[in-house]
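Here is how the chains run, residue by residue.
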Amino acid sequence: MTPPMDDAEAPVVLAAHGVSKSFGANTVLTDMELTVRKGETVCLLGPSGSGKSTFLRCLNWLEEPDAGFIVLKGQRIGIRPSGNIVMNDRELAAIRTRIGMVFQHFALWPHLTVLENVMEAPIHVQRRDKAEVRREAEALLQRVGIADKAGQYPARLSGGQKQRVGIARALAMKPDLLLFDEPTSALDPELVGEVLAVMKDLAREGMTMVVVTHEMAFARDVASRVVFLDQGRIVESGAPEEFFTRPKTDRARQFLLRYSAQ
Amino acid sequence: MNGFTIVWDNRDVLLSGFANTIALSAIAAVVSLVLGALLAMALMARSKAARIGATVYVDAMRCVPFLLLAYLIYYGLPSFGIRMSNWTSGLIALIVYNVAYMAELLRAAWANLPKESIEAGHAFGFHGLKLVRRIILPPVFFAAVPMIGNQTIQIIKDSAFLTIIAVAELTQAAMAIQTTYFVPFASFVAAIALYWITCMAIETGVAFVGRVAKARQ
Amino acid sequence: MTWYDVYAIFQGAVFTVSISLASIVIGLPLGLGFALIRWSSVPVLDRFVVVYVSVIRASPAVTLALLIFFALPVVGISLGAVTAAVVTLTLSTAAFNTEIWRGALMSFPREQLESARAFGMTRGLRFRRIVFPQLVHSALPALVNEMTLQVKSSPAIAVLGLVDITRAASRVGARTYDPLPPFVVALVLYSLIVAVFVMTQRLIERRRAAEMEALR
Ligand SMILES: Nc1ncnc2c1ncn2[C@@H]1O[C@H](COP(=O)(O)OP(=O)(O)OP(=O)(O)O)[C@@H](O)[C@H]1O
Ligand SMILES: [Mg+2]
Chain A
1 MTPPMDDAEA PVVLAAHGVS KSFGANTVLT DMELTVRKGE TVCLLGPSGS
51 GKSTFLRCLN WLEEPDAGFI VLKGQRIGIR PSGNIVMNDR ELAAIRTRIG
101 MVFQHFALWP HLTVLENVME APIHVQRRDK AEVRREAEAL LQRVGIADKA
151 GQYPARLSGG QKQRVGIARA LAMKPDLLLF DEPTSALDPE LVGEVLAVMK
201 DLAREGMTMV VVTHEMAFAR DVASRVVFLD QGRIVESGAP EEFFTRPKTD
251 RARQFLLRYS AQ
Chain B
263 MNGFTIVWDN RDVLLSGFAN TIALSAIAAV VSLVLGALLA MALMARSKAA
313 RIGATVYVDA MRCVPFLLLA YLIYYGLPSF GIRMSNWTSG LIALIVYNVA
363 YMAELLRAAW ANLPKESIEA GHAFGFHGLK LVRRIILPPV FFAAVPMIGN
413 QTIQIIKDSA FLTIIAVAEL TQAAMAIQTT YFVPFASFVA AIALYWITCM
463 AIETGVAFVG RVAKARQ
Chain C
480 MTWYDVYAIF QGAVFTVSIS LASIVIGLPL GLGFALIRWS SVPVLDRFVV
530 VYVSVIRASP AVTLALLIFF ALPVVGISLG AVTAAVVTLT LSTAAFNTEI
580 WRGALMSFPR EQLESARAFG MTRGLRFRRI VFPQLVHSAL PALVNEMTLQ
630 VKSSPAIAVL GLVDITRAAS RVGARTYDPL PPFVVALVLY SLIVAVFVMT
680 QRLIERRRAA EMEALR
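If you read the protein sequences in the order shown, they are chains A, B and C. Heads up: the first sequence begins at 1 in our numbering, then just goes up one per residue. Heads up: the second sequence begins at 263 in our numbering, then just goes up one per residue. Heads up: the third sequence begins at 480 in our numbering, then just goes up one per residue.
With the rest of the complex left out, here is chain A (with noise of 0.2 Å):
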């Protein structure tokens, strides 16, 4: 299968090589590969407890894996580029604000309003200048739709509502890419829709996403490229529509066969 054209022009974000991790005697990931171009969403699909959200995890060094390492446009994350020294807790926090994770649980500030949630990072980590983080952080809401409930605090809000202010503030540290981990997981069926409408919008601006995901819709439509996991292993990769109508594997035959049962 080739990738269409423009993708393989486009510059690589964010590369993982031979990236393993093992809790203990339990080896969760072994030897994983990605590459993420500029301006692509990938999937992350696969069974519960196969590794996806470790891998995540391990790309913006929240999890430092026990072998391989992960670059984000040239530089090493977590390794000095003098060599095999982890980097020290400021070093991997300035490369940290140039990711953006969007948490399965919101994991919003509780003790800032929904604005004050957005404007944190960009002021006190960025160190940019409040007013100029004010206006755009009210722009990011109005365009996820919850402008209203700028001076709220995150309680008082429903999931949906949350998730768009999670991805909001991710966005306000204009980030090279984000992260999604099961975005609308701990949704109620009807605010998932808000919240992938989002993320579409998102996609089609030409934001890198590296998204965990169990909506095979979403993959489908909005995915460049989907990455199958099981086991901790890739077991299968390619474009979506390739990935749904002809999976090559059993496993991920049967993965997909789950999931058009429900």
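Simulated from the structure, these hints should not be mistaken for laboratory data. Keep in mind it's a predicted model, so treat the numbers as computed, not measured. Hints should not be assumed to be uniformly reliable.
Unchecked claim - Incomplete in silico selection of chain A near chain B, CB under 7 Å:
1. Ala-93
2. Thr-97
3. Met-101
4. His-105
5. Ala-107
6. Ala-121
7. His-124
8. Val-125
9. Arg-127
10. Phe-244
As the list claims (entries may be wrong) - Sample of chain B residues lacking proximity to chain A, with all beta carbon distances greater than 12 Å (derived):
11. Lys-310
12. Phe-342
13. Thr-350
14. Ala-373
15. Ile-398
16. Ala-463
Unchecked claim - Simulated restraints, written as ranges between beta carbons of each label pair:
17. B/Thr-441 to A/Ala-155: 51 to 59 Å
18. B/Met-462 to C/Arg-608: 50 to 58 Å
19. B/Ile-284 to A/Gly-49: 29 to 37 Å
The beta carbon of each residue, even a glycine, is placed where N, CA and C say it ideally should be.
Dock chains B and C with the ligands against the given chain A, drawing on the hints supplied.
Using the frame of chain A, we list chains B and C with the ligands on its own:
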């Protein structure tokens, strides 16, 4: 009973004792809360040495009776060449003792914080002191409001011990009125009433702050 | 300071702890009684308990001891210093125990009482065989915590002029003109005693955590 009339006539004595109790307790509460937050950071630190040091201090204070600690500080500081009033050495005792309790209750609230929002702090580039100050401590304080209120009440009660090292606080004032006029019932009832009113005020304040805090949890 | 002085301080510590233990022994059932009054909403009496708990919770042990020792003779009840000390500490710990027992009672599953009734148990039997053992189980960690705090605050009785740990140390200090060493000894001795309570408390908490783990 005209005992209460006598106490009323000497209300300035009682009230100045009361003012001392409030001042001692308020300063001790604020300072031990702030230092307690620092100690809680040590209790939760990655460094094992910091954790062990902080734990030893907290455990020691859980075993030391306040009155004997107050005596020790009162008699001990001068032998290090530090001279200070009973009032100040009483205040120091209150702080040294209650820092440990504040730290422990903050640590418990910290340990119960949802892991994900701290993780989000890391993911958005917070680290070190700024992570603690901006992302972790505010929700910790909100969650700990009722416990902080309880500990403040405890501080007020501890401050009464200082009467034994002759600090002019509320109980001391009541004792002074009683020894002059032999009106024990009225003077101690008046003192206890003032303690009680103060505690009620703190509990009302805690309930109020608790409502504010609840929206932010 | 001589070994005899250390021994005198030790005796003071034993005295203070004994008074404190006496108050704990009386205060436990007393607290349960008060808690039952509130739990079963006995008219008038339960209001009384509410006020008692609220006032005592706010009263420093020192002030309470002074009130009981100096003021009760005014209304015709004259207590010796030792009795006054026990009464003070008992009233204080019973108030806190009331709240602990009440919490345990309130979280007690109602169906269990009902099922006991279905087996035809009498009220007293029901309480003794079904409710009480479980009540003790759920209240124990908090009760031991309160005991620890009680033992820690009992040197307050020194204000009554008793030769407890505090006064024993003061006496040695007054005689040797060097008050620091006896207070160091007193502090260390007494802290070791409290440490036994703290360790018991930890042990119970650890067991409970293990029980919870086993249940999951
Ligand atoms: N911090 C950890 N300590 C120990 N084991 C862990 C840890 N995090 C994850 N694991 C284990 O790693 C494996 C993969 O977990 P992971 O959360 O990455 O799976 P997942 O594909 O995201 O599953 P799901 O779809 O349920 O979210 C699981 O067996 C899990 O128990
Ligand atoms: Mg997961």
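Hints numbered earlier in the text: which of these fail when held up against the supplied structure?
9, 10, 15, 18, 19
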